[in-house]
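Q: Full structure from sequences and hints, please.
Heads up: the protein sequence lines correspond to chains A and B, in order.
Just so we're aligned: 125 in our numbering is position 125 of the first sequence, and the numbers increase by one with no gaps anywhere.
Just so we're aligned: 315 in our numbering is position 315 of the second sequence, and the numbers increase by one with no gaps anywhere.
The hints are simulated quantities; they were obtained by calculation from the structure and are not laboratory data.
Watch out, some of these pointers could steer you wrong.
[Stated by the list, open to error] Calculated pairs, DSS-like style, for lysine-lysine (alpha carbon to alpha carbon, straight line, at most 30 Å): (1) A/K35 with B/K154; (2) B/K154 with A/K7; (3) B/K154 with A/K5; (4) B/K329 with A/K52; (5) A/K5 with B/K135; (6) B/K135 with A/K7; (7) B/K135 with A/K79; (8) B/K205 with B/K91; (9) B/K169 with A/K35; (10) B/K143 with A/K79; (11) B/K154 with B/K99; (12) A/K72 with B/K135.
[Unchecked claim] Stretches of chain A that chain B covers, calculated by requiring three or more beta carbons in the stretch to come under 8 Å of a beta carbon on chain B: (13) 7-21; (14) 25-32; (15) 45-56; (16) 105-117.
[Stated by the list, open to error] Simulated restraints on C-beta separations: (17) A/D123 with B/E266: 51 to 61 Å; (18) A/F179 with B/N333: 47 to 57 Å; (19) B/T219 with A/F179: 48 to 58 Å; (20) B/D313 with A/S51: 44 to 54 Å; (21) B/E436 with A/H69: 24 to 34 Å.
Each residue gets a CB set at the ideal place from its N, CA and C atoms; glycine is no exception.
What follows is the residue order along each chain.
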Amino acid sequence: MADQKIKVATCSLGGCFGCHMSLLDIDEALIEVEKHVQFDRSPITDIKNISKCDLGLIEGGLCNEENVHVLKDFRENCKVLVAVGACAINGGLPAMRNGIDVQDCLKEVYQTGYNLTTDIIPDDPEIPRLQEKVQPLHELVKVDYFLPGCPPPAPAFLELITALLEGREPNIDYPHRRFD
Amino acid sequence: MENQTQAGLRRIAIEPISRVEGHGKITLLLDDEGHVKQARLHIVEFRGFEKFIEGRPYYELPLLVQRLCGICPVSHHLAAAKAIDQINGVKQLTPAALKLRQLLHWGQLLQSHALHFFHLASPDLLFGYDSDVSKRNIIGVLKEYPEIAVQGVKIRKFGQEVIRAVSGKRIHGIAALPGGMNQPLDREVYQYLTAEIDQIVEWSKDAVELARRLCLEDTELFNSFASTESPYMSLTDEKGGLEFYDGNLRVKNADGSILNDQFPNERYTDLIQEEAKSWSYMKFPFLRSIREAQGGDSGWYRVGPLARINNCDSISTPLAEHYRQDFMKIAGNPLAHQNLAFHWARMIEALHCAESIQKVLADPDLFSLDLVAKGNRQSSGIGIIEAPRGTLFHHYEVNDDDQVTMANLIVSTTSNNFAMNEAVCSAANQHIDGNEVTPGLLNLLEVAVRSYDPCLSCATHAIGKMPLHVEMLDSKGQLIHQLSKNSNGEFS
Ligand code: SF4
Numbered sequence: 001m002a003d004q005k006i007k008v009a010t011c012s013l014g015g016c017f018g019c020h021m022s023l024l025d026i027d028e029a030l031i032e033v034e035k036h037v038q039f040d041r042s043p044i045t046d047i048k049n050i051s052k053c054d055l056g057l058i059e060g061g062l063c064n065e066e067n068v069h070v071l072k073d074f075r076e077n078c079k080v081l082v083a084v085g086a087c088a089i090n091g092g093l094p095a096m097r098n099g100i101d102v103q104d105c106l107k108e109v110y111q112t113g114y115n116l117t118t119d120i121i122p123d124d125p126e127i128p129r130l131q132e133k134v135q136p137l138h139e140l141v142k143v144d145y146f147l148p149g150c151p152p153p154a155p156a157f158l159e160l161i162t163a164l165l166e167g168r169e170p171n172i173d174y175p176h177r178r179f180d
Numbered sequence: 001m002e003n004q005t006q007a008g009l010r011r012i013a014i015e016p017i018s019r020v021e022g023h024g025k026i027t028l029l030l031d032d033e034g035h036v037k038q039a040r041l042h043i044v045e046f047r048g049f050e051k052f053i054e055g056r057p058y059y060e061l062p063l064l065v066q067r068l069c070g071i072c073p074v075s076h077h078l079a080a081a082k083a084i085d086q087i088n089g090v091k092q093l094t095p096a097a098l099k100l101r102q103l104l105h106w107g108q109l110l111q112s113h114a115l116h117f118f119h120l121a122s123p124d125l126l127f128g129y130d131s132d133v134s135k136r137n138i139i140g141v142l143k144e145y146p147e148i149a150v151q152g153v154k155i156r157k158f159g160q161e162v163i164r165a166v167s168g169k170r171i172h173g174i175a176a177l178p179g180g181m182n183q184p185l186d187r188e189v190y191q192y193l194t195a196e197i198d199q200i201v202e203w204s205k206d207a208v209e210l211a212r213r214l215c216l217e218d219t220e221l222f223n224s225f226a227s228t229e230s231p232y233m234s235l236t237d238e239k240g241g242l243e244f245y246d247g248n249l250r251v252k253n254a255d256g257s258i259l260n261d262q263f264p265n266e267r268y269t270d271l272i273q274e275e276a277k278s279w280s281y282m283k284f285p286f287l288r289s290i291r292e293a294q295g296g297d298s299g300w301y302r303v304g305p306l307a308r309i310n311n312c313d314s315i316s317t318p319l320a321e322h323y324r325q326d327f328m329k330i331a332g333n334p335l336a337h338q339n340l341a342f343h344w345a346r347m348i349e350a351l352h353c354a355e356s357i358q359k360v361l362a363d364p365d366l367f368s369l370d371l372v373a374k375g376n377r378q379s380s381g382i383g384i385i386e387a388p389r390g391t392l393f394h395h396y397e398v399n400d401d402d403q404v405t406m407a408n409l410i411v412s413t414t415s416n417n418f419a420m421n422e423a424v425c426s427a428a429n430q431h432i433d434g435n436e437v438t439p440g441l442l443n444l445l446e447v448a449v450r451s452y453d454p455c456l457s458c459a460t461h462a463i464g465k466m467p468l469h470v471e472m473l474d475s476k477g478q479l480i481h482q483l484s485k486n487s488n489g490e491f492s
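A: Given below as structure tokens:
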């Protein structure tokens, strides 16, 4: 790996954090990565607003207005933006709700749902409105790379970061290009 | 107090809560003297799993629902598996399948507990709650306490490898079938596991000692911080011992007396019900018997490591049992209600998992091919297990075409929803009330939530996000003070 430090921000939109877990699955390599990478906004730090970064990793698709806002913020601030995992690339499992009217979905969960004593659908201004459909990232902003898998395996993350440090195109070998 | 824009109060928002899994925010309403009038934890995302899995074939469930959560996918995989066993009329798994599932679950608990303690919570405990934001993370721990951090990383790695050995993949693997498991243990990973396990048990013991030391370093803080008394719910085995995979429900009152014992899992709706509130996508479950007697918001309870250690009469492995007794002697009066005691209890459980894995790895059944049992098809199934964060309920009904017609999921963190709100209120009252609000004080509110290791990702069958921006408005809604954290973690 080269000597300079790159700044990396990560976030989860409508994802399950599995992609973030897979990034941590590089295990001890985290110690080496630490020497070359400075983490900016990420669920693993207490930095809550993104600043200019070399690399932005986003898991999860766009489920609500808040997600849209965060994605735009990441695009503005990241030189290279990567859609990480099935949810970011095509909406993934949460997009299974796209065939259903979002109000029906809320109704089922909060009104007609099993063993419930209230019929309140949460709508406080403190919680973000849902998107009608779950969307992949590239429908809203330009995405530079797609890292496939549910989640992409740890070596794929390592290759991506290493390639960026070495200033070359990433090359994920076949066993680590996953589509499950 | 249902409206946060209510006249006369100042609003403070902490958003996003970091070093937790998933997305949430905290809001505070203060009066002109700075007294806390309301403190809330909001869960800001929604995914609607219960609706969109309707119509899917039931045998897909373990694979679908584990995508609720990448941190504890195994918990959802197994809770769904237990439910679909019942749908297949299977009452008893083959010994090999049961041991593989238990092993998988212990691996999961071990990695999740290590992740929470070392990667997410330890920066608060090691550096202090108001320490420099730029180092208050796992990378900071790696630099200043490399030995502790590396052990944490390796314990988590080991747990993840256990999962891979059983399910083929560390995250979202494929293991459970209706009535059993799809393959025996992977022999190659097994070599690694047997070579490492003694060391992992040793390190897990160190982790309990560390958590114990950090808790007791400041006993006053330990005993007072965001403490709140509540009933506790968990599974226990038939003798009342600690149990994660099987068993029946036990509820203890705050004073340590038993409210329900060996409560049959299939009657869980007689025990708890849920309500929703307008300001959170996460529901609020409560104990019916207490609510019926006392009304109001009563009946909330807690689940998770603290609940399990408080509830059980014993632990089947010697080291963990030793530390359980020590813990109850020091922290329990008669139960341990301290917020920070969650961390200590969590590490005792991690040690128990390491010891249990050590024991089961010697069992030749792990390589048996007798993996699937059969039974008579039923129309519903209820799978309840103890996930890392507490009791997890999966309930499904299916039609004759094998399609899911009803799904009810109560994930662990949901059961702690009331309690986390209480913790935020109590920390706010203790530390914010009447004071000038500083970043360090605000982190304390996050610390109170973090103890619960909330998986907000699971909790809404959804997921959220968060930057920190705090606004204070005066009685007329005018901005009088604002604090923002920039991406270097500096406040302005
Ligand atoms: S791609 Fe898979 S692992 Fe990643 S966030 Fe989506 S469901 Fe989770």
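Q: All the hints need checking, so say for each whether the structure fits it.
A: Each hint tested on the structure:
1. For the given pair, A/K35 sits about 19 Å from B/K154 by alpha-carbon distance, which is consistent with the 30 Å threshold.
2. About 25 Å separates the Cα atoms of B/K154 and A/K7, which keeps this hinted pair within 30 Å; it holds.
3. For the suggested pair B/K154 and A/K5, the alpha carbons sit about 25 Å apart, so the restraint of at most 30 Å is met.
4. The suggested pairing of B/K329 with A/K52 is violated, with an alpha-carbon distance near 51 Å, which exceeds 30 Å.
5. The suggested pairing of A/K5 with B/K135 holds, with an alpha-carbon distance near 16 Å, which does not exceed 30 Å.
6. The hinted pair formed by B/K135 and A/K7 meets the criterion: a straight-line CA distance of about 15 Å does not exceed 30 Å.
7. Straight-line distance between C-alpha atoms of B/K135 and A/K79 comes to about 24 Å, which keeps the hinted pair within the 30 Å bound.
8. Using a Cα cut-off of 30 Å, the hinted pair B/K205 and B/K91 is violated, with the two alpha carbons roughly 36 Å apart.
9. For the hint pairing B/K169 with A/K35, the CA-to-CA distance comes to about 28 Å; that is within 30 Å, so the pair holds.
10. Restraint check for B/K143 and A/K79: the C-alpha separation of about 27 Å stays at or below 30 Å, so the hint holds.
11. Note on B/K154 and B/K99: the hinted pairing holds, with a Cα-Cα distance of about 24 Å set against a maximum of 30 Å.
12. Proposed proximity of A/K72 and B/K135 is supported: the alpha carbons are some 27 Å apart, at most 30 Å.
13. Here the segment 7-21 of chain A counts 12 residues with a CB under 8 Å from a CB of chain B, which clears the bar of 3, and the coverage holds.
14. Counting residues of the segment 25-32 of chain A whose C-beta sits closer than 8 Å to any C-beta of chain B gives 5, which meets the bar of three, so the coverage hint holds.
15. Under a criterion of three residues with beta carbons nearer than 8 Å to beta carbons of chain B, the stated coverage of the segment 45-56 of chain A is upheld, 7 such residues being counted.
16. Judged by the Cβ-Cβ criterion of 8 Å, the segment 105-117 of chain A is covered by chain B as claimed, because 10 of its residues qualify and three suffice.
17. At about 34 Å, the beta-carbon gap between A/D123 and B/E266 misses the expected band of 51 to 61 Å.
18. Hint check: A/F179 to B/N333, Cβ distance near 54 Å, so the stated range 47 to 57 Å holds.
19. In this structure the hint that B/T219 and A/F179 lie 48 to 58 Å apart at CB holds, the actual value being about 53 Å.
20. Between B/D313 and A/S51 the beta carbons are some 53 Å apart, a value that agrees with the proposed interval 44 to 54 Å.
21. For B/E436 and A/H69, the hinted distance range of 24 to 34 Å is satisfied, since their beta carbons lie about 30 Å from each other.
Violated hints for the displayed structure, listed by number in ascending order: 4, 8 and 17.
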